[in-house]
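Colleague: Put chain B on the given structure of chain A with help from the hints.
There are 2 protein chains.
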Amino acid sequence: MIIKKIEEVTAVPVEMAGARDVSVRVVFGPKDAAPTFALRQFELAAGGCTPHHSHPFEHEVVVLAGEIAVVSNEGDKPMSPGDAALVPAHEKHQFKNTSPSVPARMLCIVPVQYQK
Amino acid sequence: MIIKKIEEVTAVPVEMAGARDVSVRVVFGPKDAAPTFALRQFELAAGGCTPHHSHPFEHEVVVLAGEIAVVSNEGDKPMSPGDAALVPAHEKHQFKNTSPSVPARMLCIVPVQYQK
Numbered sequence: 015m016i017i018k019k020i021e022e023v024t025a026v027p028v029e030m031a032g033a034r035d036v037s038v039r040v041v042f043g044p045k046d047a048a049p050t051f052a053l054r055q056f057e058l059a060a061g062g063c064t065p066h067h068s069h070p071f072e073h074e075v076v077v078l079a080g081e082i083a084v085v086s087n088e089g090d091k092p093m094s095p096g097d098a099a100l101v102p103a104h105e106k107h108q109f110k111n112t113s114p115s116v117p118a119r120m121l122c123i124v125p126v127q128y129q130k
Numbered sequence: 015m016i017i018k019k020i021e022e023v024t025a026v027p028v029e030m031a032g033a034r035d036v037s038v039r040v041v042f043g044p045k046d047a048a049p050t051f052a053l054r055q056f057e058l059a060a061g062g063c064t065p066h067h068s069h070p071f072e073h074e075v076v077v078l079a080g081e082i083a084v085v086s087n088e089g090d091k092p093m094s095p096g097d098a099a100l101v102p103a104h105e106k107h108q109f110k111n112t113s114p115s116v117p118a119r120m121l122c123i124v125p126v127q128y129q130k
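In order, the protein sequences belong to chains A and B.
Note that the working numbering numbers the first sequence so that position 42 is 56, with each residue one more than the last.
Note that the working numbering numbers the second sequence so that position 25 is 39, with each residue one more than the last.
For reference, chain A alone in the conformation it holds in the complex (with noise of 0.2 Å):
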């Protein structure tokens, strides 16, 4: 059994095309034998972003903290603490979050294989 405080795990900046003021710790992925799924925490600063994309693979997330608006093919539809969101492979999302002074929080689950 393996315990973090997610804290704790190494936060690395998100340098993908289009995101912006964002970073990520992965708290349990492929160093960790995690074997089906990989558990990462994003961070988006006042203003932050994910980038706009899709791939092959789904995500489930959980808002942890702040406001968060995600793009989605009806629109931008806000989260908040308390939400969660299944994006199904190939839909296009971004993570934005719409605050201009409070950072936001968000746990984001996906396959192993795709996490490096």
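No lab work stands behind these hints: they were computed from the structure.
Misleading hints may appear alongside valid ones.
Straight-line distance between alpha carbons at most 16 Å, and here's what the computed EDC-like set of lysine to aspartate or glutamate pairs gives [claimed, not checked]:
no., chain 1, residue 1, chain 2, residue 2
1, B, K18, A, E29
2, B, K19, A, E81
3, A, K130, A, D35
4, A, K18, A, D46
5, A, K110, A, E22
6, A, K18, B, E81
7, A, K19, B, E81
8, B, K18, A, D90
9, A, K18, B, D46
Here chain A is said to cover these stretches of chain B; the calculated rule only asks that three of the stretch's residues, wherever they fall, bring their Cβ under 8 Å from a Cβ of chain A [stated by the list, open to error]:
no., region
10, 48–57
11, 87–94
Glycine included, every Cβ here is placed at the ideal spot set by N, Cα and C.
Modeller: Below, chain B alone, put in the same frame as chain A:
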């Protein structure tokens, strides 16, 4: 894309032998066509616990609220909000709310084929 408020997902009492005062909300699972993993939220009343058991699949857990002890091969380990655990397949484990008065809440992710 599916978005849910976790607290609006139906909470079902866990009725496995050894479980006490614990309920589960299946946030995303087979009924949502989650392809790889299921996201559940467990809520443990004061003094509540999950069964002390093992199974052929892993758990990834994030404590959201309250104080939890996880029973592991190396004894009880305390967990607080912001702590995460990877319980490998076949390792015996149990989650116990150690507070006499405060409910606890945790996310628990499993491979989807093990979520009914």
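Colleague: Out of the numbered hints, which ones does the structure contradict?
Modeller: Numbers 1, 3, 5, 9 - these are the hints that the structure violates, sorted from lowest upward.
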